[in-house]
Amino acid sequence: MNRQKSLTRIAELLGRFTTEVGLLNAANLYDINIHAENVLIPLIKLAYGLDMVNANYTKGKNFSAVDLIDNKNRVAFQVTSTADNEKIKHTLNQFIKHERYLSYDILFVYIIGNKQSAYTGKGHAEIVQDKLAFDKDEHIIDNNDLFKKISGIVSLQQISAIEQFLEEEFSEQKIEFRKKALENPASVKHTEHVYFNLIEANIPETLYIADIAIDREAIIKESWTTEYKLKMDASPRKVLRRAIDLAGLTRIADWHVTGNQLLTFRNLHDPAEPLRNFIDQGTITPLKPKEYWTIDADHQRSFTSILNFSLQQLLSHKAIHYIGEDDIYRYQPEGKIVKQRTVEWKKTKRAKRTVIFELFDKNKEQIVCFRHFSFEAKFNLYDEQWYLSVNPTWSFTSNGYKKSGLAKYYAPGLKRLENNNTIYYGFRFISYCLTHNILSDEITFPYLTFNTPFFDEVLTDTEVVEIDENVPEDTPLE
Amino acid sequence: MNIKLLSEPPLQFGTGEHIDPKTGIITFNPYDLQGVRPERIKTGIIGKSDSVDTVIGWLNTGKRIIAAKKSTLGKLFPEFCGFSKTDAFKSEIIYDEGYIRKINNSDFDHIIKNEKRYWKIIEEFVTLYINEIKFLAKNKNPDVILCVLSEKFIQSILGAPTAENTDAESASAEDADEEKDEQDEFISRQENNFRRLLKARAMEYNIPIQIVRDRIAKPSGEMQDPATIAWNFYTAIYYKASGTPWAMKKKDSTIVCYAGISFYKSRDRATTQTSITQIFNEHGKGVILRGQPVEMKKGDLEPHLTELQAYDLLDYSLKEYYEALKVYPQRLVLHKTSNFNAAEIEGFKSAAYKNNIHAVDMVTIMRTDLRLYREGPYPPLRGTMASYTDTTHLLYTRGFVPYYNTYPGSYIPAPIEIRLFSHDESPELICEEILALTKMNWNNTQFDRKFPITIECSRKVGEILKYLSPEQTPQIKYSFYM
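Residue numbers (this note's numbering), protein chains in the order written: chain A, 1 to 478; chain B, 1001 to 1482.
Think of the hints as simulated: they come from the structure by calculation, not from any bench.
Note that the structure is a prediction, hence the values are computed from the model and not measured.
Examples of chain B residues toward chain A, derived with CB under 7 angstroms: (1) 1027; (2) 1370; (3) 1371; (4) 1372; (5) 1373; (6) 1374; (7) 1377; (8) 1378; (9) 1379; (10) 1389; (11) 1410; (12) 1412.
Here are the computed lysine-lysine pairs in the PhoX-like style, where the Cα-Cα straight-line distance is at most 20 angstroms: (13) 72/A <-> 1063/B; (14) 1075/B <-> 45/A; (15) 1069/B <-> 72/A.
Beta carbons: idealized from backbone N, C-alpha and C, even for Gly.
Chain A with its partners taken away, still in its complex shape:
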């Protein structure tokens, strides 16, 4: 009963196919390629068990005499909407002329639409000689023949699969889609949203520059009385940092030294600003940031440095530290005890994400290392706007701080398991952390802020691209 019902429906749907082609033909719009990939190849596979490919896959020239080919079974199909004997003869002529018989033993001429009620076969034998066994009754087929073939299928499952396939392919929506694609290929767009890994940065309106005024040699020598001793040729940044330490002030990162000048977004005119202790206050110069970075490439590099140091300061308030040796930012423990850390954030609903994992040995008795969520971050300037590009990654430590030698065993496997979604949500999570307070006692850093991303960009495509997003079993892991 089910079988008969399915076959009736298949006949109706094949009728739609014939009608569609008829209408397109009448409008001079028919193009084999639009049906080959989506309709014919799967249909022939389901009905005949043949693995056809479209010989005209690419735009441009037709592969003469045949449209669809199965090299393994040596079968070729010529698909046409012209049913007359002249067309059959022309196909056979081309087939012989181009020696297709060397590659294919069987040629089907598949008339999309209705074939003639009968063919005389006149002229066929002369053309094919003994090079091809071509039987007009067997090898000229149309949708009625296809239906007969399907009716002969014993497996109900197979018949259901064909019905389901045709149901989908000859839905009104799909028929309309194909018509539009043929009428105006540019009008049919495959669209989807794609997101940049960029977060728009808001930088303060003023950049302060001042000459540094410290006794370099005295600071270096004073450092020798402490645990961390500076060398005589220590970098200007190291010396100034030590001067801040020695003055008993809280260490801050958001300043940059170039030549003998200090650069910062902090207001150096503010009497409460600790950095004033280390500069010649008479030299303080406020500037519009753009005036500075547009001077030349060197100034742009210095400006990028001040952005990087400001980012380090911003993230340190969130217990995310810059790890210089790997050039990454790493989620650190919130307190002194190193343990699993989670951060509450919001995707569509409130969610918790673990950013530090404890990795145990085989017996689950001892922690062998910690896996920290981390990211790379770089500033980029496009059309006078600064953006931060963010790429999630992982970092492994033995005690929450020291790099673990086990990283090389864990990292590649972990990265292989990640797919687009994993990274995309990692990026969204980091964006959230950059634009929201994530610690209960977090101090808001005022000198660098970010806008909540997403530039909703739409990817457009003038071609029809059907993508099966289901991951086949043996798809390589992303």
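Starting from the structure of chain A, add chain B where the hints point.
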């Protein structure tokens, strides 16, 4: 910012065009079908006796169809068509006993026993092969020479792990992209040294060599499937024997050539870098030339040519290109892995104008931190082009490939950044060409390479030229480097 999807560029084959090299060859035969081409490839074979026998056995298997990998991704892993005069390639490998040169086990053993210095061992192994290459070149003049490495040799002597990096398995891992960073430590430096030294020293005998491991006859789980190995091997052999498996499809009748300019450090990692240039036409035919050393000053982030050096390098290259192909290009596209400075732009433009080329595009192609994300498990589609500004573009050369219906990679793919320093053609066309040039690698029949051949070639050529002394003349054909 603007985003669009570039369509997969078609390739030209003997009797038709297709986007996929494998289907293209099966359906339409190699590009040079109607022309002078390697119908019978005289092949020399060198190696240990048992390894040579194994590879000869494998060559016989490759004359017929090799079954496809069991997979739902049929287009990614199709069967191999068989390499014979009647099958798709319409070509065959021929040799007789005189072309087979066997190296005794005792010769290898003797070196290991008497030499403890690692580098010396490599050199002496190379010499064993070179002696036989010299003999074959003098007495038999084959089109290609297969240098067979036994698995035992690789494992126990060079200590190489199982990473895939022989010519015949050139697939994904070797230099594809970001994967390399992850796998660097697994790739045997020793074996690379051996391969590069062998290729450099073999150059003077004027016969391209193909290094092949005997394990291709019995690929292990982590290797490619037998049909894919055969596809890559035979396509490379056909190209090395001067064949043209496929070509870029020309958009119009303009004669365009594509040049890659890069720098390589000498093996002592001195501050001097040497420039090289490769010029290709759409068939992948062209020349490779070594330029002048470039002094890197302290603080320089990337090497740059002086105006005169830029002028000389391009002028000389265009002359050699004319000598090789007897045609002057009308448009020139320069690809470089570093930024162009004003002096270089001036020098290159002057050389181009002097050679009557008035359309020049100067394009930097580099790695980037920029990414795009989609919804769902798959990365952006190959061909996705994002324009940040008029001159800065992002291009996904690796990514989800609709034709394969998957993303055929192991890690999240990274796009490449395209910077236009001077251009006469539209950014879209320049990116379309870059996409097409990623398919012009005859070492690999999977078409989604990360870098265009101009850049990929630079890297390979540089790696081998390091082993060539300054007074040796490098070969001008890419087949000696791949």
